[in-house]
Amino acid sequence: MTQEIYTLLKQSEWFSNLPDEVIHLLMERVKTHTVQPGEAIIQRGQQDDSVFMIQSGWVKVVIPEEGEEGEMVLNHVGPGEMVGELSLVDQRPRSASVIALSELSVLELTRRDFLEIMEQYPMMGLHMLITTSKRMRFVLTYLEQAVTWSHKIAEGDYSFLEEEQAAGGPGSVVDHSASDSARANRFLAAFFQMAQDVQKREAELKEQVKKLIIQIDSGKRDHEIEQIVGSDFFAKLKLETLQIREERDKSKKA
Amino acid sequence: MSKIVSIHSFRGGTGKSNTTANLAAQVALAGKRVGIVDTDIQSPGIHVLFGLDGVSMGHTLNEYLRGEVPIEEVAFNIGDHTGDVSGRVKLAGQALYLFPSSIKGSEISRVLKDGYDANKLNEGLQDMIKTLNLDYLFIDTHPGLNEETLLSISISDILILIMRPDNQDFQGTAVTVDIAKLLLVDHLHLLVNKALSRYDFGHLKAEIEGVFDTPVAAVLPLTEDMVENASGDIFSLAFPDHPWSKGIRQVVDTILKIG
Ligand SMILES: Nc1ncnc2c1ncn2[C@@H]1O[C@H](COP(=O)(O)OP(=O)(O)OP(=O)(O)O)[C@@H](O)[C@H]1O
Ligand SMILES: [Mg+2]
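As you go down the protein sequences, you meet chains X and R in turn. Per the numbering used here, the first sequence runs over residues 1 to 254. Per the numbering used here, the second sequence runs over residues 1 to 259.
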C-alpha cells in the first residue's frame, strides 16, 4: 500500500521530480478514500479546499444544469491526475462537480497540509504552476475551436459538422488518453453535440415557415377581388389608367 | 422619363413609411431628383422620419388639395434642412422634397368627413413632378384598398407591395397583387419586411415568389435596432452596414435599373 502511494506520487504531475523527503512528508499527510461509482468527491458550489489525486479509476468533471437532469461534461480524469486544485489555490467555492465513473481510490491533501509542506519546499509550488499551465493550454485549445465553431453557427454555416465527422473529429472519436488534444476533443464532443442540436432545431423551424406560407383561401380572394373590380370607381379608374398609359406611350414615341 | 413609385401594403404597420423614406433617401443620394408624398392623409407618419413636426412642416397637401396653395409651397426641401442626426446629414445638398400631410386633428377629420378628390390628387402628383423636375416620386400610402389607394396603384410605374411573412398578411396581399395586375402596373414587386431571423431568407423569397407569382425585391429582417432607432432618423443612412440597410439598397438597385 505505502509503496503504491509512493509510486503514484513519484509519477504524478505535481510531485514527480521532488526529493524523496517531500514525498515522504506527503505520504504522512494524505488520506486515502474509496468512492463508489456515481458518488461525488467534489460538489459544485461547496466551500472546501482539499485537492484530490486519483489513484485508480476514472472521474468526470461536470457542471450540473440548473433544475434539470442534464449536465455538461467538462473533462474526464484518470489515475495520477489531480482534481480540485482551483479551490486549493483561491479558496473560492467549487466550480464543478467531480463524480466517480468507476470504483475509485483517491488521495486527499488538505490546503493546510499543502501550505505547510510548500513553506519548506517552495519547488512544489512551481510544479503545481507547471501543471496548471498545461491545463490552461488545454482550455485554450478547446476555446479556440469552440469560438471558431460558434462564429460559424452564428453565420448559419454548419458545414463544419460534416467536415469534422468525415475527418473522424470530436463527434466520432473516443480517445481516453490523457494527452491535451485528446482531452480537448472529449470536451469538444459535448460542444459538437450541441451544434448538431442547434442545426436540427433550425431545420425544424424553417420547415414551419413552409407551412405558414401556403395558406391563401382562393375562394375568399376571388370574392374580394370581385367586389372591388365590380365597383363603378374601379371601372372608371381602369379606363382612365388606360388613357394615361396610352398618352404616355405616345409621348415616349414622339 | 420620371417614375412614380408607390409603396403599399394591405395591412397597416408593415413598414411602408420607413421603407418609403429609406428608398427615397437612397435614390436621392444616388444623385436623382426625388419627391415623397404622404398620401396617408388619415394617419400621416413619414414626416417624423425627417424630423418634422406640425409646425416645421409648413403648408400641407391638404391645403393644396383644397386649392389654397400652389404645390411648390407644400414641398419641403430635406436637402436644405437635414437636422443634425447622423443619418440625415448625409442628405445635405441633395434634391429630396417631402410633400407632407397635415397632422392637425381638425384637418384629418375634415378629410375623413369630406373625402378628397382623387383626380385632384392625380393632378397634384403630375404638378409636383413637373414643377420640381423630379426623376422619381415616391408615394407612401394608406393601407388597404380604398379609392385613394387604388388610384395611387393605378398611376404608379413601380409598385412595391410590402408584406410580413405572417399568415395575417397573405390573404390581403394576394388580393392586392391581383388588383395591381388588373390595373396593369408595369413593375410590380413584393418586399418582405419584418422577417424573423429563424427564417431561411432565400427559401422564403422563392416560396413567396412562387405563391404570388411576383418577384420579391428583397427580404428585410425584423430588427430590434430599428425599434431602437425610434423613427428618429433614416435607418439605412445611419446604419449603412446593417442587413436591413443592405436589403434596402438591393431594392434601390432594382428601382434604378427600371428607371
Ligand atoms: N424590419 C423592421 N424591424 C423592426 N421594426 C420595424 C421594421 N420595419 C418597421 N418597423 C417598425 O414598425 C413600425 C411601423 O413602421 P412604419 O410606420 O414604417 O409602418 P407603416 O406601414 O407605414 O405603418 P402605418 O400602416 O401605420 O402607416 C414602426 O415602429 C417601425 O419602427
Ligand atoms: Mg405609414
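FYI, nobody ran anything at the bench for these hints, they're computed from the structure. None of these values were measured; they are calculated from a predicted model. Mixed in with the good hints, there may be bad ones.
[As the list claims (entries may be wrong)] With a straight-line Cα cutoff of 35 Å, these simulated DSBU-like cross-link-like pairs (lysine-lysine) come out:
#  : chain 1 : residue 1 : chain 2 : residue 2
1  : R       : K113      : X       : K236
2  : R       : K104      : X       : K31
3  : R       : K90       : X       : K238
4  : R       : K181      : X       : K152
5  : R       : K246      : X       : K200
6  : X       : K152      : R       : K130
7  : X       : K220      : R       : K205
8  : R       : K194      : X       : K200
9  : R       : K205      : X       : K60
10 : R       : K205      : R       : K194
11 : X       : K238      : R       : K130
12 : X       : K220      : R       : K120
13 : R       : K246      : X       : K236
14 : X       : K220      : R       : K113
15 : R       : K246      : X       : K152
16 : R       : K104      : X       : K250
[To be verified] If the Cβ cut is set under 7 Å, some of the chain X residues that face chain R in the computed set are:
#  : residue
17 : F191
18 : Q193
19 : Q215
For glycine and all other residues, C-beta sits at the position ideal for the given N, C-alpha and C.
Exercise for the section: Taking the numbered hints from earlier one at a time, note which ones the structure violates and give those numbers from smallest to largest. Expected result: 2, 3, 4, 6, 9, 13, 16, 17 and 18
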